Amino acid sequence: MLPDSIEQVIPHRGAMRLVDKVLDWNEQRVVVELTVPWDGPFHEARGVPAWIGLEYMAQAIGAWSGCRGRNRGELPRIGFLLGTRRYNAETGHFAPGAVLRVEARCELVDDNGLGMFACRIMEGEQVLASANVSVYQPDDARVQGLLES
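If you're matching positions, the sequence shown starts at 1 in this note's numbering and goes up one per residue.
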């Protein structure tokens, strides 16, 4: 079941919430969508720098984790971006107003909270960026009081 709003599955709020909604998810993958802002903390004259795509990917992974937890009645948990391998961007900036789809496929998730995801950022059918992203989500890092019943 898809969340009604992205805030139900990720702890990010305000200007630091960079993804807009979950389009699809299952135990192996998630697809989120965002509209590149015309202003904001990362906006430059030509748009949002492509290196911010790494945070788009991390928030997509957070949404995947949040969807899994939501199905178990849990609140979103804080996770940590450990690193990336092979971040490849086909553009220097994401254009303001562009609607992007971020896909994250779980390659590995261990009981200790470590995970590896294959991610890509798409505009239509064009791949704008791709990477393998390593994350860590400890059991004791929880965000309390974000969701209403």
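One or more of the hints may lead you astray.
What the hints assert, rightly or not - Now the in silico label distances, taken between C-beta atoms and shown as ranges:
no.	residue 1	residue 2	range
1	MET1	TRP51	17 to 27 Å
2	LEU108	ASP39	34 to 44 Å
3	VAL127	GLU74	26 to 36 Å
4	GLY83	VAL127	12 to 22 Å
5	LEU75	ALA45	35 to 45 Å
6	GLU74	ARG17	35 to 45 Å
7	PHE80	ASP39	19 to 29 Å
8	ALA45	ILE78	27 to 37 Å
9	LYS21	GLU74	34 to 44 Å
10	LYS21	GLY73	13 to 23 Å
11	ASN71	GLU44	33 to 43 Å
12	ALA45	ASP139	23 to 33 Å
13	LEU75	ASP110	19 to 29 Å
14	GLU44	GLY73	33 to 43 Å
If you're looking for bench data, these hints aren't it; they were derived computationally from the structure. Predicted, not measured: the structure shown is a model, and the values here were computed from it. Ideal placement from N, C-alpha and C gives every residue a C-beta, glycine not left out.
So, going through the hints one by one against the coordinates:
Between MET1 and TRP51 the CB atoms are about 33 Å apart, so this pair departs from the stated range of 17 to 27 Å. Judged by the Cβ atoms, the range 34 to 44 Å given for LEU108 and ASP39 holds: they are separated by roughly 37 Å. For VAL127 and GLU74, the hinted distance range of 26 to 36 Å is satisfied, since their beta carbons lie about 33 Å from each other. Checking the proposed 12 to 22 Å range against GLY83 and VAL127 shows it holds: the Cβ atoms sit about 21 Å from each other.
Roughly 39 Å separates the CB atoms of LEU75 and ALA45, a value that falls within the hinted 35 to 45 Å. At about 19 Å, the CB distance of GLU74 to ARG17 disagrees with the hint of 35 to 45 Å. Range check, PHE80 to ASP39: about 28 Å between beta-carbon atoms, so the 19 to 29 Å window is met. A C-beta distance of roughly 33 Å is found between ALA45 and ILE78, which places it inside the suggested range of 27 to 37 Å.
A C-beta distance of roughly 20 Å is found between LYS21 and GLU74, which places it outside the suggested range of 34 to 44 Å. Distance hint check for LYS21 and GLY73: the Cβ-Cβ separation is about 21 Å, which falls inside the suggested range of 13 to 23 Å. In this structure the hint that ASN71 and GLU44 lie 33 to 43 Å apart at CB holds, the actual value being about 38 Å. For ALA45 paired with ASP139, a C-beta distance near 43 Å fails the hint of 23 to 33 Å.
Look at LEU75 against ASP110: about 22 Å separates their beta carbons, and that is inside 19 to 29 Å. Our hint of 33 to 43 Å for GLU44 and GLY73 holds, since their Cβ atoms are close to 41 Å apart.
Hints 1, 6, 9, 12, counting from the list given before, are not met by this structure.
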